[in-house]
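In the numbering used here, the protein residues as written are 230 to 457.
Don't read these hints as lab results, they were simulated from the structure. Here the structure is a predicted model, which means the values were calculated and not measured. Some hints here could point you the wrong way.
Claimed, not checked - Here are the simulated distance ranges between beta carbons:
#1 308 to 355: 29 to 35 Å
#2 432 to 351: 33 to 39 Å
#3 445 to 359: 40 to 46 Å
#4 441 to 385: 33 to 39 Å
#5 310 to 348: 44 to 50 Å
#6 369 to 433: 42 to 48 Å
#7 344 to 408: 42 to 48 Å
#8 317 to 350: 40 to 46 Å
#9 431 to 359: 24 to 30 Å
#10 445 to 385: 32 to 38 Å
#11 355 to 310: 29 to 35 Å
Note that beta-carbon positions come from the ideal geometry of N, C-alpha and C, so glycine has one too.
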Amino acid sequence: MAVLLDQPEPAVLLRQHQREVGLLDDAVDAGRPVVELEGVLPDTDPVVPVDLSAARRPHPPTLADRCHDGRVTQRKPPGVSFETWVDRQITQAQERGDFARLPGGPLKDLDREQTAYDWALAKARREGVDTGAMLPPGLRLRRERDDLPERAARLTTEAEVRALAEDYNARVEAFWRQPAESRWAAVPGLADVEALVEGWMRDRPPPEPAPVAPSPQPQARRRWWRRR
């Protein structure tokens, strides 16, 4: 029976392993160069004395030594199956968030099928680009018609509101004269100029009252006669 440094308990060695232990117990001559062995000294240290046997030299920390932070249990409690014990460890690690944001973890929505349009749309949103310019011409004009009241609210005169609606209608009529891309292509409609103007007048704040000019003070009438 021999005591190994990496084992918390004495381990029984079979006959075929006795010769290996005997080789490890052989002292190394101080005058002979030491051959680095990965299985014995993976991390060489120049201050390790060479006159000690290889089995008694300082070894790197084992897995058990690196798990003393409380997140990994050393041993399975008695009377608990391995399956139950492992499931309990996984559940506790998930509750602590040990599996969140791990390097090399799966990307979000990686298994979802994504077309070239979906990829371009997501990239445009990340970079703050207006996604309306990516729509087909018919849908883009429909979206512009829906945004007309919001754009008209920023104008100050009725003439500007009418010019905005008329410019949109002119571009819609030009779209009608073009060949259709397909039978399912969206066809935009004209904007109601009068309804847009009425909504603009109804929603705009009432004009501020004009300041009242102060009335002039009446001048004192001069008498036609003077007292001497």
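Results of checking the hints against the structure:
1. 308 to 355: 29 to 35 Å: violated (54 Å)
2. 432 to 351: 33 to 39 Å: Because 35 Å falls inside the window, the suggested range holds.
3. 445 to 359: 40 to 46 Å: violated (58 Å)
4. 441 to 385: 33 to 39 Å: Violated, at about 24 Å.
5. 310 to 348: 44 to 50 Å: holds (47 Å)
6. 369 to 433: 42 to 48 Å: violated (28 Å)
7. 344 to 408: 42 to 48 Å: violated (26 Å)
8. 317 to 350: 40 to 46 Å: holds (44 Å)
9. 431 to 359: 24 to 30 Å: At 29 Å between Cβs, range holds.
10. 445 to 385: 32 to 38 Å: For residue 385 against residue 445, whose Cβ atoms are near 34 Å apart, the range 32 to 38 Å holds.
11. 355 to 310: 29 to 35 Å: Since the Cβ atoms of residue 355 and residue 310 sit about 48 Å apart, the hinted range of 29 to 35 Å is violated.
In summary, the numbered hints that this structure violates are 1, 3, 4, 6, 7, 11.
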